[in-house]
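Given the coordinates of chain B, assemble chain R onto it according to the supplied hints.
Protein chains: 2
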Amino acid sequence: MPLFLNNDEVEQLLTMKTCMEALETLYRELGEGTAVAASRTDIHSPTAAAQSGEAPMAHYLKSMSGASPHFGTAALRFSSDIVAWRQAGDGMRREKMPTMPGNRWLGIVLLFSSANGELLAIMNDGVIQRMRVGGTNGVATRCLARVDAQTVGLIGCGWQAGTQVMAVCEARRIKKIKVYSPTRTNREKFAAETAPLVGVEIVPVDSQEEAVRDVDIIVTSTNARKPFLGPEALAEGVHLSCMQRDEANDEALIRCRPLVVHTNLTENNSTSSQLSKIAQPGFEFRDHPMQRGIDWKTLPTLPDLISGRIKGRENAQQITGFVNNIGLGVQFAAVGAKVFEAAKAKGLGREMPLDWFTQDVHP
Amino acid sequence: MPLFLNNDEVEQLLTMKTCMEALETLYRELGEGTAVAASRTDIHSPTAAAQSGEAPMAHYLKSMSGASPHFGTAALRFSSDIVAWRQAGDGMRREKMPTMPGNRWLGIVLLFSSANGELLAIMNDGVIQRMRVGGTNGVATRCLARVDAQTVGLIGCGWQAGTQVMAVCEARRIKKIKVYSPTRTNREKFAAETAPLVGVEIVPVDSQEEAVRDVDIIVTSTNARKPFLGPEALAEGVHLSCMQRDEANDEALIRCRPLVVHTNLTENNSTSSQLSKIAQPGFEFRDHPMQRGIDWKTLPTLPDLISGRIKGRENAQQITGFVNNIGLGVQFAAVGAKVFEAAKAKGLGREMPLDWFTQDVHP
Chain B
546 MPLFLNNDEV EQLLTMKTCM EALETLYREL GEGTAVAASR TDIHSPTAAA QSGEAPMAHY
606 LKSMSGASPH FGTAALRFSS DIVAWRQAGD GMRREKMPTM PGNRWLGIVL LFSSANGELL
666 AIMNDGVIQR MRVGGTNGVA TRCLARVDAQ TVGLIGCGWQ AGTQVMAVCE ARRIKKIKVY
726 SPTRTNREKF AAETAPLVGV EIVPVDSQEE AVRDVDIIVT STNARKPFLG PEALAEGVHL
786 SCMQRDEAND EALIRCRPLV VHTNLTENNS TSSQLSKIAQ PGFEFRDHPM QRGIDWKTLP
846 TLPDLISGRI KGRENAQQIT GFVNNIGLGV QFAAVGAKVF EAAKAKGLGR EMPLDWFTQD
906 VHP
Chain R
546 MPLFLNNDEV EQLLTMKTCM EALETLYREL GEGTAVAASR TDIHSPTAAA QSGEAPMAHY
606 LKSMSGASPH FGTAALRFSS DIVAWRQAGD GMRREKMPTM PGNRWLGIVL LFSSANGELL
666 AIMNDGVIQR MRVGGTNGVA TRCLARVDAQ TVGLIGCGWQ AGTQVMAVCE ARRIKKIKVY
726 SPTRTNREKF AAETAPLVGV EIVPVDSQEE AVRDVDIIVT STNARKPFLG PEALAEGVHL
786 SCMQRDEAND EALIRCRPLV VHTNLTENNS TSSQLSKIAQ PGFEFRDHPM QRGIDWKTLP
846 TLPDLISGRI KGRENAQQIT GFVNNIGLGV QFAAVGAKVF EAAKAKGLGR EMPLDWFTQD
906 VHP
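Heads up: the sequence lines are chains B and R, in that order. Throughout the first sequence, residue numbering follows the working numbering, covering 546 to 908 in sequence. Throughout the second sequence, residue numbering follows the working numbering, covering 546 to 908 in sequence.
Hints may be right or wrong, so weigh each one.
Simulated crosslink set (DMTMM-like; lysine to aspartate or glutamate; CA at most 20 Å straight-line) [unchecked claim]:
| id | chain 1 | residue 1 | chain 2 | residue 2 |
| --- | --- | --- | --- | --- |
| 1 | B | Lys641 | B | Glu812 |
| 2 | R | Lys822 | B | Asp759 |
| 3 | B | Lys641 | R | Glu781 |
| 4 | B | Lys891 | B | Glu556 |
| 5 | R | Lys842 | R | Glu886 |
| 6 | R | Lys721 | R | Asp759 |
| 7 | B | Lys721 | B | Glu733 |
| 8 | R | Lys720 | R | Glu755 |
| 9 | B | Lys641 | R | Asp900 |
| 10 | B | Lys720 | B | Asp759 |
| 11 | B | Lys889 | B | Glu556 |
| 12 | B | Lys822 | R | Glu577 |
| 13 | R | Lys641 | B | Asp905 |
| 14 | R | Lys842 | R | Glu796 |
| 15 | B | Lys842 | B | Glu812 |
| 16 | R | Lys856 | R | Asp759 |
| 17 | B | Lys856 | B | Glu577 |
| 18 | R | Lys641 | B | Glu796 |
Honestly, the hints are just simulated from the structure, not real lab data. For clarity, every value in this text was computed on a predicted model and none was experimentally measured.
Pulled out of the complex, with its shape left as it was, chain B reads as follows:
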């Protein structure tokens, strides 16, 4: 009988330590070709509320899948959102609108057993996806940051920044974190709330320059759509850990040795021509519409790094970099397996009738 697990339950069941261990095992498997990662599929279609002009809206159905033989699982994650692109200071930014009753969003992880194919669990995806994003940067940091790294400069203090802090503290014995984001009250609140969770001093600072000065690790955790971090931020020996693609600029990234990306799979993007017609010329219905000078597909990946196909840090002077450029469904096969295992052990979740999902005919 599949277990239904909500975000509160996932949060109780999954530690960053467990999440990073699962991901590290997974990246080794991926490097060896035993785990299976597929490109995610993005579908954009018109929504009733579609506007014309520069800030169109769309219905966005996303799905991603993968399988991990080590964990004996496969996963399918999907989300269904009404998205709007709004002109922000740094370009067009996509926002997911809370259009479900009660101002909610819809995102689910389905976990399957590879032993008999059965559906093991249905989980809200919010907490687990945030953990695996942070955990992925954490796994890379463990390979790339100096072993004695103890200071962090963090740019951004949104919801994702919390797990980035958990992950960097799991990867290294961090003593101090400086955090900058444009709104003072936000960074102060974030510092006050997050410090006790990780037992590390977190100091809000007044500028990006101050945040990245004299630190061992720089973490960017923003929804920027134009890169804001240049090579001047990168002192000798630093590790740059980017949560997404458009945070460090090309000049900064090409200084990293190695520069590692999460994956060189890209999304399969399909868009209704009705949407293209209502948007301004050149507008693209994509997660990352901006063209970059970096050819992401040719860069080494986290599986390459973890499986030893490429070298990590070789000395204390080099500048290393990791860009968590795009997520993979297979992450949920590994991390989801650990959540499911913990839920069974603790008796959490609600059982659903499996026979609703199964049938006596096969297509």
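Okay, now just chain R, sitting in the frame of chain B:
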């Protein structure tokens, strides 16, 4: 609140007429670029029962999605199966094993509203997928068969053959159907059971040659993995309707004008290297592992035909052909919308709590 609809309910709610009308609308939308079809994603990973040698097993997670602005819906269909490849007379044939408790299979269609993104329905996929396969061939037959076509030669009498008969009878005023399949009792049973459903005479015959002789439409509905129908079967003016790729051979297909395929999207296939190691050299974990001389990607598609981009039948002499080469998730957005609409009208299905699927955070 999403409606849960099982196969029995879908069967009550969906007629072939409605199914074909929905698909015809959809193919026009696809031809115009307004509907959105994405390639399906196939993931093959090792299963606990994986065997070595020539007949390996795998866990197979399939997912496909698409959106139809006309119907205001998007759909995600997925299935999770343990599959085994067995040596049949005509090559390696893939079988889905009933490994769920109660000897069942797992396949689901999720239907979403493009107005606000919400999950409208969860359906077992068996009945709806069979209807859309038949319906797709039916829509093509309506465009390509002679208007006065009244006789059908059917090869195959499995579960899918029933909807093929329903569809051809919906497309044309059929008077008589001859059916052949290798096992006499199967074809006799099929004829006896199916004739009353469509109100048409169905005659079991003793050979493939007899089935296709002097008919206006040939329908193949088999799980063959080596083509079994050659050009000698194709008399002047006939329409050839193939349920899948490997039924008519290359020589037969190139005689068709036009030869139309369902889609030129192909599956994204990802396979664990562990599986490749246990299989014989050259074995491929794919739905259609055999190489064909036909370059499917360059052929006109059903959306091309329905939207008028290519011509259909132009005279009573030409031989026309359609190959339902691969399914699309977007079919479930259109047909699923009609099922959902009918379920609401009739009060069928069980409501599930939507808030299980939604959350107060967005990734």
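Against the structure, the hints come out as follows:
A threshold of 20 Å between alpha carbons decides the hint, and for B/Lys641 with B/Glu812 the separation of about 18 Å falls inside it, so the pair holds. Using a Cα cut-off of 20 Å, the hinted pair R/Lys822 and B/Asp759 is violated, with the two alpha carbons roughly 50 Å apart. Taking the CA atoms of B/Lys641 and R/Glu781, the gap is near 57 Å; set against the 20 Å cutoff, the hint is violated. Proximity of B/Lys891 to B/Glu556 is assessed by CA-CA distance (about 13 Å); at most 20 Å being required, the pair is judged to hold.
For a cut-off of 20 Å, the pair hint linking R/Lys842 to R/Glu886 is broken: about 35 Å separates their Cα positions. With a C-alpha separation of about 11 Å, the suggested pairing of R/Lys721 with R/Asp759 holds against the 20 Å cut-off. A hinted pair counts as satisfied when its Cα atoms are at most 20 Å apart, and B/Lys721 with B/Glu733 qualifies at roughly 15 Å. The straight-line distance between the Cα atoms of R/Lys720 and R/Glu755 is roughly 17 Å, inside the 20 Å bound, and the hint therefore holds.
Distance hint between B/Lys641 and R/Asp900 is fulfilled; the C-alpha atoms sit about 17 Å from each other, no more than 20 Å. Using a Cα cut-off of 20 Å, the hinted pair B/Lys720 and B/Asp759 holds, with the two alpha carbons roughly 13 Å apart. As the CA atoms of B/Lys889 and B/Glu556 are separated by approximately 15 Å, the hinted pair is consistent with the 20 Å bound. Proposed proximity of B/Lys822 and R/Glu577 is supported: the alpha carbons are some 12 Å apart, at most 20 Å.
Taken as a hint, the R/Lys641 and B/Asp905 pair is honoured in the structure, with Cα atoms around 12 Å apart against an allowance of 20 Å. Only pairs whose Cα atoms come within 20 Å are accepted, and R/Lys842 paired with R/Glu796 is accepted, the gap being roughly 18 Å. A C-alpha spacing of about 12 Å is found between B/Lys842 and B/Glu812, which places the hinted pair at or below 20 Å, so the restraint holds. Taking the CA atoms of R/Lys856 and R/Asp759, the gap is near 25 Å; set against the 20 Å cutoff, the hint is violated.
Restraint check: the Cα-Cα separation between B/Lys856 and B/Glu577 comes to about 16 Å, which is no more than 20 Å; the hinted pair holds. About 52 Å separates the Cα atoms of R/Lys641 and B/Glu796, which puts this hinted pair outside 20 Å; it is violated.
Checked against the numbered hints given earlier, the structure breaks hints 2, 3, 5, 16, 18 and satisfies all the rest.
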